[in-house]
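Colleague: Here the protein sequences line up with chains Y and C, keeping their order.
So in my numbering, spot 23 of the first sequence is number 23, and the numbers just go up one at a time.
So in my numbering, spot 118 of the second sequence is number 118, and the numbers just go up one at a time.
For the record, the hints were derived by calculation from the structure and aren't laboratory data.
Nothing here was measured: the structure is a model prediction, and the numbers come from that model.
A hint or two may mislead.
[Unchecked claim] Taking CB as the label site, the calculated pair distances span: (1) C:177 x Y:33: 27 to 37 Å; (2) C:211 x Y:113: 43 to 53 Å; (3) C:220 x Y:84: 13 to 23 Å; (4) Y:117 x C:126: 44 to 54 Å; (5) C:43 x Y:170: 41 to 51 Å.
[Said to hold, decoys possible] With a straight-line Cα cutoff of 20 Å, these simulated PhoX-like cross-link-like pairs (lysine-lysine) come out: (6) C:84 x Y:87; (7) Y:87 x C:64; (8) Y:64 x C:6; (9) Y:138 x C:64; (10) Y:64 x C:141; (11) Y:78 x C:195; (12) Y:6 x C:87; (13) Y:87 x C:4; (14) Y:87 x C:6; (15) Y:127 x C:87; (16) Y:78 x C:87.
Beta carbons: idealized from backbone N, C-alpha and C, even for Gly.
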Amino acid sequence: MDSRPKLHYPNGRGRMESIRWALAAAGVEFDEEFLETREQLQRLQNGNHLLFQQVPMVEIDGMKLVQTRSILHYIAEKYHLFGSDLKEKTLIDMYVEGTLDLLEMIIMHPFLKPDDQQKEVVGMTQKAVLRYFPVFEKILRDHGQTFLVGNQLSLADVILLQTILALEEKVPHILTSFPYLQEFSVKISNIPTIRKFLEPGSKKKPPPDDSYVRTVYTLFAP
Amino acid sequence: MAAKPKLHYFNGRGRMESIRWLLAAAGVEFEEQLIESPKDLEKLKNDGLLMFQQVPMVEIDGMKLVQSRAILNYIAFKYNLYGKDMKERALIDMYTEGVADLNELIMHFPMCPPGEKDAKLTQIKERATNRYLPAFEKVLKSHGQDYLVGNKLSRADVHVVEVLYYVEELDSSLTANFPLLKALKARVSDLPTVKKFLQPGSQRKPPLDEKALAEARKVFKF
Chain Y
1 MDSRPKLHYP NGRGRMESIR WALAAAGVEF DEEFLETREQ LQRLQNGNHL LFQQVPMVEI
61 DGMKLVQTRS ILHYIAEKYH LFGSDLKEKT LIDMYVEGTL DLLEMIIMHP FLKPDDQQKE
121 VVGMTQKAVL RYFPVFEKIL RDHGQTFLVG NQLSLADVIL LQTILALEEK VPHILTSFPY
181 LQEFSVKISN IPTIRKFLEP GSKKKPPPDD SYVRTVYTLF AP
Chain C
1 MAAKPKLHYF NGRGRMESIR WLLAAAGVEF EEQLIESPKD LEKLKNDGLL MFQQVPMVEI
61 DGMKLVQSRA ILNYIAFKYN LYGKDMKERA LIDMYTEGVA DLNELIMHFP MCPPGEKDAK
121 LTQIKERATN RYLPAFEKVL KSHGQDYLVG NKLSRADVHV VEVLYYVEEL DSSLTANFPL
181 LKALKARVSD LPTVKKFLQP GSQRKPPLDE KALAEARKVF KF
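Looking at chain Y on its own, in the form it has when it is part of the complex (with noise of 0.2 Å):
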C-alpha cells in the first residue's frame, strides 16, 4: 500500500500551491511538513534530501521529488492528468506553461517592493486579459466543451482555475469580458475532489500575509 504523499515547505502558498491543488483534484490525501526554522531547512539539506537544495520536495513513492514542474508531471502521469496521448499531452504542457508564466507574477508579488506592488496588480491584469484568458476562452468557445483538452480533467484545467482564483482574489472582475471562462470556473469549481479542496478546513492555503512573507526570508534569504 502506498503511503501518503509529504510535502515539505512553509505553511503557505507559494511554489507548492499548484502541487496542493493537483493532488487534491486527483483526490490524493497528502501529509505535509511545514518548514519554519532555518534549522529545519538545514537540516533537510544537511541530510542531503533536497537535490539542489531547494523546495518544493515531495516525498512520493520512495523518491524524494524536487522541482516545481517535475512534481507537477509525476502527479499528472501517475493520476490521469495529461491526456490521452502525446499530442493532447502537450497540448496540455503548453497551456500550463503559459498559466504558470501568469502564475508567476502572483508569487512573486507579496515579495516586491510595497511601492511596486499596486503597479504589477496591474501589469498581471493586462497580462492575464490581453494575453492569457482570451486564448483559453477561444480554445472553450471553439470546441464547447468543459475541459481544455481531450474532454476530460487534466493539469491544464487544474493549473488555470488555480490562477483565475488567484487572481480574482485581488481584482474580483477580472473575468467579466470572458464568459466561456467564467463558465468553466464554476464548472470546474463544481468537481468533487476540487469542491471538497475549496471548502474551509482543505489543504488550501489563504492568500500570502505578512507573516508567510516573514517566514520566507527567515528561510531563504542568504
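We have chain Y; now place chain C onto it with these hints.
Modeller: Below, chain C alone, put in the same frame as chain Y:
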C-alpha cells in the same frame, strides 16, 4: 515524408538554444526562420502564429508549439530521449529543471547592469560549483554509469553537457573538480550527432556579443 521542424527565433541562443541542441543530438535536421526586426515579430503575432504572442515557436508535425519546456518535452518523447518509465522521467525532469535554473542565470548575465555584473558572476559561479555541478557529479558517482539516467543517453545528458559548455565559457576552471562530468561532456560531445553540431558552420549559436544583444533588445523591446 515529414517536413523538417522549423524554428522561429532571433539569431542567438536565448530560450531556443537548448531546443537546437536537443534536435541536433537526436539527429534531426531543422530549418530556422530568423527574426531580424520588430516587424518580423509583429508579423508572426498578427498572423496568429504565436499562442501567447511569444517565441520560441517551433513548427513540427503540423503543430505550432510554443513554450520552450513544452517544445523540449515533445522532442524528447518523440525521439526517445525521455527515459523508459515514469520514475526515469521524474529523474530526468528534476535534472533538466536544475539545469534550466542555472541556465536562466547564465542567460540573463549579459543583460545585467554594469554595476551588478561582478556580483552576478560570483553568484553564477557559486551556484554552479556548490549547487548544480555537485548534484550531477554525485548522480554519476552513485551508479557509475555512462549516462545520468537509465544507463542510456537521455535529454538530461544533453542539457547538462550544454550547460557545462556555458559554465566553461564563463570560467574554464569551474569544472575542474568534477571529473565524472568532464567525462560525460567528452562522451556526449563525441557522439556523431553532437560532434557535428559542435563543428563550425552548424546551427549552434555563439555567445551573445554587444551587437547581437542590441539587436535582440530592438526586436523584443527590453
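Colleague: Evaluate each hint against the coordinates.
Modeller: Hints, verified against the model:
no., hint, result
1, C:177 x Y:33: 27 to 37 Å, "holds, 33 Å"
2, C:211 x Y:113: 43 to 53 Å, "violated, 34 Å"
3, C:220 x Y:84: 13 to 23 Å, "violated, 36 Å"
4, Y:117 x C:126: 44 to 54 Å, "violated, 30 Å"
5, C:43 x Y:170: 41 to 51 Å, "violated, 35 Å"
6, C:84 x Y:87, "holds, 19 Å"
7, Y:87 x C:64, "holds, 12 Å"
8, Y:64 x C:6, "violated, 38 Å"
9, Y:138 x C:64, "holds, 16 Å"
10, Y:64 x C:141, "holds, 18 Å"
11, Y:78 x C:195, "violated, 37 Å"
12, Y:6 x C:87, "holds, 17 Å"
13, Y:87 x C:4, "holds, 18 Å"
14, Y:87 x C:6, "holds, 18 Å"
15, Y:127 x C:87, "violated, 36 Å"
16, Y:78 x C:87, "holds, 10 Å"
This entry does not satisfy hints 2, 3, 4, 5, 8, 11 and 15, going by the numbered hints stated previously.
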